[in-house]
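Undergrad: As a plain string of letters, each chain reads:
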Amino acid sequence: MPRLTRCYIKTALVYLALALLLAALLALPYNLPLPTYIRIMTPAYFHLFLVGWVTQMIFGVIYWMFPIVNRARPRGNEAIGWASFTLLNVGLLLRVVGEPLVSLHPEGWFGWLLALSALLQWLAGLLFVLLAWPRVKEKYRGG
Amino acid sequence: MPRLSRYLIRAAFLYLLLGFTFGALLLAHKGVPYAPWLWAWRPAHIEFLLMGWILQLTMGMAFWILPRFWQQPRRPNEGYAAVAFVLLNLGIWLVVAGTTFRAGNWALLSGRIVEVGAVLAFAGHAWGRVVSREGV
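Protein sequence lines, in the order shown, are assigned to chains A and B.
When the letters of the first sequence are read in order and numbered with this note's numbering, they come out as residues 1 to 143.
When the letters of the second sequence are read in order and numbered with this note's numbering, they come out as residues 1 to 136.
Derived by calculation from the structure, the hints in this document are not laboratory data.
None of the values given here were measured: they were computed from a predicted structure.
We put the CB at the ideal spot given by N, CA and C, even for glycine.
Do not take every clue at face value.
Simulated DEER-style distance windows between Cβ atoms [unchecked claim]: (1) B/Arg10 - A/Asn31: 31 to 39 Å; (2) A/Ala79 - B/Arg68: 29 to 37 Å; (3) A/His105 - B/Arg3: 51 to 59 Å.
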């Protein structure tokens, strides 16, 4: 299993644990004292689960298992894969931190965190598709 | 990777791009409001990613890697999986028409029914391939 796949899958597992922990916190009764910051994290929970866990796990497995491009460069340009991995995770973390801040302080500059997060995650998706697209093909038979 | 898997997986990648694009536009709008009309695209964002990306990719991978038969056809009832591909994509756009484009509840309802049809058709293909090495 390539190193990038190991990073994708281990990171995905961490996000799964975080998402379910957050889901547990969000399920606590309203009469329990819990910071408002946490109470408004339902969108963050969904995205920790679907982007951090599901999509990231899929990316890791695709990078590992799809047919190779050729023997010289079996999985394409690995640097693109690392860029996608980094952008996706920085973008997602910016969202998790920034979204409640924007809700609590709509007059602040935190909104730009979300704009930056959006750009980073979009680039991550685009780069991954560019990397994986040539590997959606029949088995490599040499030549 | 068989041809139908390539179709399903490439379509899934396109939906990933569509879903991420509208998700990014929505998230940026949430931070720095610039286009309130974007909220109408939220159901499409969800539909593109859950059905178009995750479900369609899963079908493509399953068609590829589930156990194959020893004799031809090695992937039996391939036609059912092809029907699933068509129905799933039709269903996605009917749902988007019924939600984002406000074409009416009939579009949303028929989209969901067509998606159920896609799942049943795919199960019709895959069911027989969920077997042990001994074929039981």
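Undergrad: Against this structure, judge whether each hint is valid.
TA: Taking the hints in turn, this is what the structure says about them:
1. For the pair B/Arg10 and A/Asn31, the beta carbons lie near 51 Å from each other, so the given range of 31 to 39 Å is not met.
2. For the pair A/Ala79 and B/Arg68, the beta carbons lie near 35 Å from each other, so the given range of 29 to 37 Å is met.
3. A C-beta distance of roughly 53 Å is found between A/His105 and B/Arg3, which places it inside the suggested range of 51 to 59 Å.
When the structure is compared with the earlier hints, a violation turns up for hint 1 alone.
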